[in-house]
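Enquirer: Quick note, the sequences are listed as chains R and H, same order. Going by our numbering, the first sequence opens with residue 1, and the numbers climb by one from there. Going by our numbering, the second sequence opens with residue 1, and the numbers climb by one from there.
Rather than coming from a laboratory, the hints here were simulated on the basis of the structure. Be aware that one or more of the hints could be misleading.
Each pair may be met inside one copy or between any two copies, as identical chains are not told apart.
As the list claims (entries may be wrong) - Listed below are the simulated DSS-like cross-link pairs for lysine-lysine, each with C-alpha atoms no more than 25 Å apart in a straight line: (1) K322 / K365; (2) K372 / K36; (3) K36 / K365; (4) K117 / K146; (5) K36 / K155; (6) K291 / K364; (7) K365 / K146; (8) K114 / K69; (9) K133 / K146; (10) K4 / K69; (11) K36 / K364; (12) K188 / K448; (13) K155 / K20; (14) K448 / K117; (15) K146 / K372; (16) K133 / K36; (17) K56 / K36.
Number of protein chains: 2
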Amino acid sequence: MFDKQVYISRRRRLKQQLGKGLLLFLGNEESSMNYKDNWYHFRQDSSFLYFFGLDKPGLAAVIDVEGDKDILFGRELTLDEIVWMGPQPSIAEQAAGVGITDVRPPAGLADVLKNYKGLIHFLPPYRPENIQKISEWLGLSLTAVKEGASVPLIKAVVAQRSIKSGEEVRQIEDAVDITAAMHLAAIKGARDGMTEAQLAGTLQGIAISGGGNLSFPTILTVHGQVLHNHYSSTVMRTGQMALCDAGAENAMHYAGDMTRTFPVGKRFDSLQREMYDIVLSAQEAAVAALKPGILFRDVHFLAAEKLVEGLKEAGVMKGDVKEAVAAGAHTMVFQCGLGHMMGLDVHDMEDLGEPYVGYTDELKKSTEFGLKSLRLGRALEPGFVVTIEPGLYFIPELMDLRKSERKYFDFINYDKLEAFRSFGGIRIEEDLLITDTGSRLLGKPLAKSAEEIEALRG
Amino acid sequence: MFDKQVYISRRRRLKQQLGKGLLLFLGNEESSMNYKDNWYHFRQDSSFLYFFGLDKPGLAAVIDVEGDKDILFGRELTLDEIVWMGPQPSIAEQAAGVGITDVRPPAGLADVLKNYKGLIHFLPPYRPENIQKISEWLGLSLTAVKEGASVPLIKAVVAQRSIKSGEEVRQIEDAVDITAAMHLAAIKGARDGMTEAQLAGTLQGIAISGGGNLSFPTILTVHGQVLHNHYSSTVMRTGQMALCDAGAENAMHYAGDMTRTFPVGKRFDSLQREMYDIVLSAQEAAVAALKPGILFRDVHFLAAEKLVEGLKEAGVMKGDVKEAVAAGAHTMVFQCGLGHMMGLDVHDMEDLGEPYVGYTDELKKSTEFGLKSLRLGRALEPGFVVTIEPGLYFIPELMDLRKSERKYFDFINYDKLEAFRSFGGIRIEEDLLITDTGSRLLGKPLAKSAEEIEALRG
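Required output: the full structure, derived from the provided sequences and hints.
Expert: Spelled out as structure tokens, the structure:
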């Protein structure tokens with residue numbers, strides 16, 4: 001936990017931002033796996049963590065803006081629970097640690113909400129039990145709750161959480177360092193004959209050993225063209241590349257998120273190497289372009305141009321590079337976005353909505369294939385933390401579809417593309433802090449060039 | 001997946017058991033961590049797995065008993081999903097693999113339920129989104145859904161799932177072998193100065209590498225007296241014992257569940273060793289008593305007597321052993337149950353309710369402290385798989401409470417108990433199959449005696 005002044009000042013700023021109203025924050029509950037009491041690891045809501053710091057299930061809080069009151073609702077342990085879970089600080093003691101003195105039993109929350117005469121603001125709930133609770137408390141249908149989140153509150157929270165403080169950046173770097181250790185283990189540990197799951201298990205073990213957990217389900221696959229292929233019992237073989245997109249969140253739940261692609265054997269083959277270097281040049285160009293004021297959407301286009309340039313040299317694409325990107329031809333091989341914000345969530349504040357986090361009232365997200373997967377488009381500001389993760393993904397189903405639609409014939413040499421039908425995918429990803437003048441790589445550097453990767457393969 | 005005949009015959013038997021009605025089975029959805037699309041690892045509902053075999057989110061099924069129809073409801077992937085998740089067998093192909101030919105889109109389920117004139121049976125839902133769905137479909141309040149599960153269906157499912165087939169036992173042994181590998185790594189890997197989380201992470205990595213995941217959140221703690229203390233950043237120190245209660249579920253989601261307690265240094269000290277041998281003798285006596293027909297509750301009492309006997313010799317308890325157990329004096333140090341059923345769930349079928357799984361209409365669970373935590377009391381049958389896990393837990397808060405209540409003064413030497421205030425806890429646990437004549441240890445044997453444990457500590 002940070003010092004209690006951090007939480008007090010975050011809440012104070014929120015009151016100043018909103019001006020009036022009652023702000024409702026729901027912490028998360030335990031989540032059941034295959035029966036009620038067999039739980040997934042507990043994950044607190046990130047905005048609750050940001051403003052209230054307490055990492056326990058079953059909590060809720062309200063901020064009464066006009067009354068200048070912060071109230072925490074939570075239950076003390078019973079003797080049975082102490083037998084099963086051990087003695088713990090009281091809720092009041094925990095609350096004091098984040099600067100809250102008004103602590104009440106959970107049952108009091110419904111009354112506070114019922115008796116409040118002004119507007120009650122809440123963030124978009126994403127867990128079914130929290131949707132249900134708000135529905136009951138506020139007398140709204142489930143649909144009304146899903147659509148009824150407060151835009152002013154969302155915007156105020158996004159404004160604060162988007163700019164990472166120095167102490168937050170230190171936490172993120174801690175998470176990125178654990179993340180880098182995971183990737184180092186993957187690059188060094190992969191062997192012909194090993195299953196994807198074996199290697200993914202080792203990585204998850206490192207994340208947990210680091211004091212937190214995974215920040216998202218690991219993608220570790222020799223079928224890297226499948227963007228969200230997690231891992232499976234597929235056996236990895238020499239000649240294939242393994243794409244590993246994985247990250248840890250540290251003990252304070254700040255995220256890391258990196259990707260490396262490496263040969264299952266000792267070396268990339270020549271085509272793999274050629275494509276790897278294209279992705280690397282796009283990734284480096286995008287990183288070099290980062291600075292306050294630039295639209296992240298434009299950095300995305302820059303990376304797309306670098307990919308097209310490289311593929312032109314390789315004979316796979318043709319025509320004018322900028323025209324190709326304007327026509328969306330790059331989405332044949334780069335179907336997703338260049339990156340996203342990162343912080344307490346790996347896709348930071350995704351629950352609050354991309355229109356507010358990644359875009360603005362003036363710059364709306366495109367609905368086009370490719371751009372619709374770009375989570376971040378807005379102008380960068382000092383204190384933003386972003387991922388840069390271009391890639392090349394050769395998806396046979398998409399190649400067939402676009403060819404049958406007769407799309408991109410001016411920009412793609414479809415006959416040359418055939419050679420990539422079983423090529424797979426390559427992605428390279430790093431985490432960066434936007435500084436006053438440019439950007440700074442977060443975490444200790446990890447092997448990134450093909451030579452550095454191959455050196456680790458022994 | 002098992003052969004489709006397995007699933008067909010399980011469903012056929014269910015129809016015979018129920019005789020009439022419509023049986024509704026809900027698969028699980030993805031569960032969100034910190035935003036909607038950041039998911040915990042998917043865990044299918046175990047009864048859905050048992051009768052329908054399909055390990056994917058978003059499925060549901062009904063069995064129309066009179067109509068002799070098995071219908072699966074599921075959605076085919078969109079192109080977008082294929083780009084993100086890769087090509088997959090169609091729902092119809094997957095259904096064929098478990099002997100189902102009638103496959104419909106999810107939207108059809110509400111109609112089938114609405115148009116059915118007879119009784120609709122469903123199992124107790126334990127995830128909020130599934131409670132909501134049933135509530136909407138059947139027009140019941142959330143409370144009515146929570147209380148409205150079908151006792152005949154529960155009993156029919158319990159009757160089948162309680163008796164493990166040969167192919168199920170092989171799966172369980174696979175899970176137990178992975179579990180034993182986790183424990184071997186823990187016993188060999190623990191070092192003074194290591195955090196509990198470091199070791200727990202390694203174990204989770206082994207579980208995932210095994211093709212499945214953890215079967216429950218790992219308990220790995222130097223404070224073993226706290227029964228559900230998972231693991232933390234606590235540094236383990238020579239002189240302490242680490243209690244590790246952990247298990248894997250294998251790729252088919254059958255569970256393993258074992259406990260070992262070992263010194264963080266190289267050897268148990270003399271008091272630790274004395275207590276360890278008491279727990280071991282109780283564990284071995286309980287295992288030796290296992291056979292068809294015996295009440296598991298009586299095996300629990302037998303283990304409790306062995307613990308009291310040992311503590312009498314150690315001077316901590318006194319008086320008549322059977323009287324002490326009858327009075328509940330053993331619950332000062334053995335507050336929980338001896339074990340539970342294990343199968344597709346580590347606490348098998350816990351979602352279906354202990355009154356049906358662990359007890360019978362004739363033998364109800366006691367509400368007394370100690371016995372209320374005994375999940376299994378009923379007479380054992382060949383094919384049951386159970387855990388045997390006695391322990392000794394010295395809980396200062398409970399010692400103080402019982403002393404202040406002036407309880408158990410005839411059986412406990414409270415002055416001697418003082419020496420155990422910071423002793424911790426010991427548990428030893430194995431998984432056993434009830435055979436026609438007794439029991440059989442599942443999985444490859446793992447070091448269990450103090451000598452064997454110490455030999456692994458080097």
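Enquirer: All the hints need checking, so say for each whether the structure fits it.
Expert: Structure-based check of each hint:
1. In this assembly of identical chains, the alpha carbons of K322 and K365 lie at most 25 Å apart only when taken from the same copy (20 Å versus 74 Å across copies).
2. Within a single copy, K372 and K36 get their C-alpha atoms only as close as 37 Å, which misses the 25 Å cut-off; across copies the closest is 17 Å, which meets it.
3. For the identical chains of this complex, K36 and K365 are inter-copy neighbours only, at 19 Å across copies versus 39 Å inside a copy, given an alpha-carbon limit of 25 Å.
4. Proximity of K117 and K146 under a CA criterion of 25 Å is satisfied intra-copy only: 22 Å inside one chain copy versus 33 Å between copies.
5. Proximity of K36 to K155 under the C-alpha cut-off of 25 Å is restricted to the inter-copy arrangement: shortest distance 19 Å between copies versus 35 Å within a copy.
6. In this homomeric assembly, K291 and K364 come within 25 Å of each other (Cα to Cα) only inside a single copy, at 21 Å, whereas the closest approach across copies is 69 Å.
7. Taking the shortest alpha-carbon separations for K365 and K146, only the intra-copy value of 21 Å comes in at or below 25 Å, while the best inter-copy value is 42 Å.
8. Within a single copy, K114 and K69 get their C-alpha atoms as close as 17 Å, which meets the 25 Å cut-off; across copies the closest is 49 Å, which misses it.
9. In this assembly of identical chains, K133 and K146 lie within 25 Å of each other by CA distance both inside one copy and across copies; the values are 12 Å within and 16 Å between.
10. Taking the shortest alpha-carbon separations for K4 and K69, only the intra-copy value of 16 Å comes in at or below 25 Å, while the best inter-copy value is 61 Å.
11. In this assembly of identical chains, K36 and K364 lie within 25 Å of each other by CA distance solely across copies; the values are 21 Å between and 41 Å within a copy.
12. For the identical chains of this complex, K188 and K448 are intra-copy neighbours only, at 13 Å inside a copy versus 35 Å across copies, given an alpha-carbon limit of 25 Å.
13. For the homomeric pair K155 and K20, the shortest alpha-carbon distance inside one copy (15 Å) is at most 25 Å, but the shortest distance between copies (55 Å) is not.
14. Proximity of K448 to K117 under the C-alpha cut-off of 25 Å is found in neither arrangement, the shortest distances being 57 Å within a copy and 64 Å between copies.
15. With identical chains, the CA atoms of K146 and K372 are at most 25 Å apart within one copy only, with a shortest distance of 22 Å there and 40 Å across copies.
16. Proximity of K133 to K36 under the C-alpha cut-off of 25 Å is found in both arrangements, the shortest distances being 18 Å within a copy and 17 Å between copies.
17. In this homomeric assembly, K56 and K36 come within 25 Å of each other (Cα to Cα) both inside a single copy, at 17 Å, and across copies, at 20 Å.
In summary, the structure is inconsistent with hint 14 from the numbered list given earlier, while agreeing with all the others.
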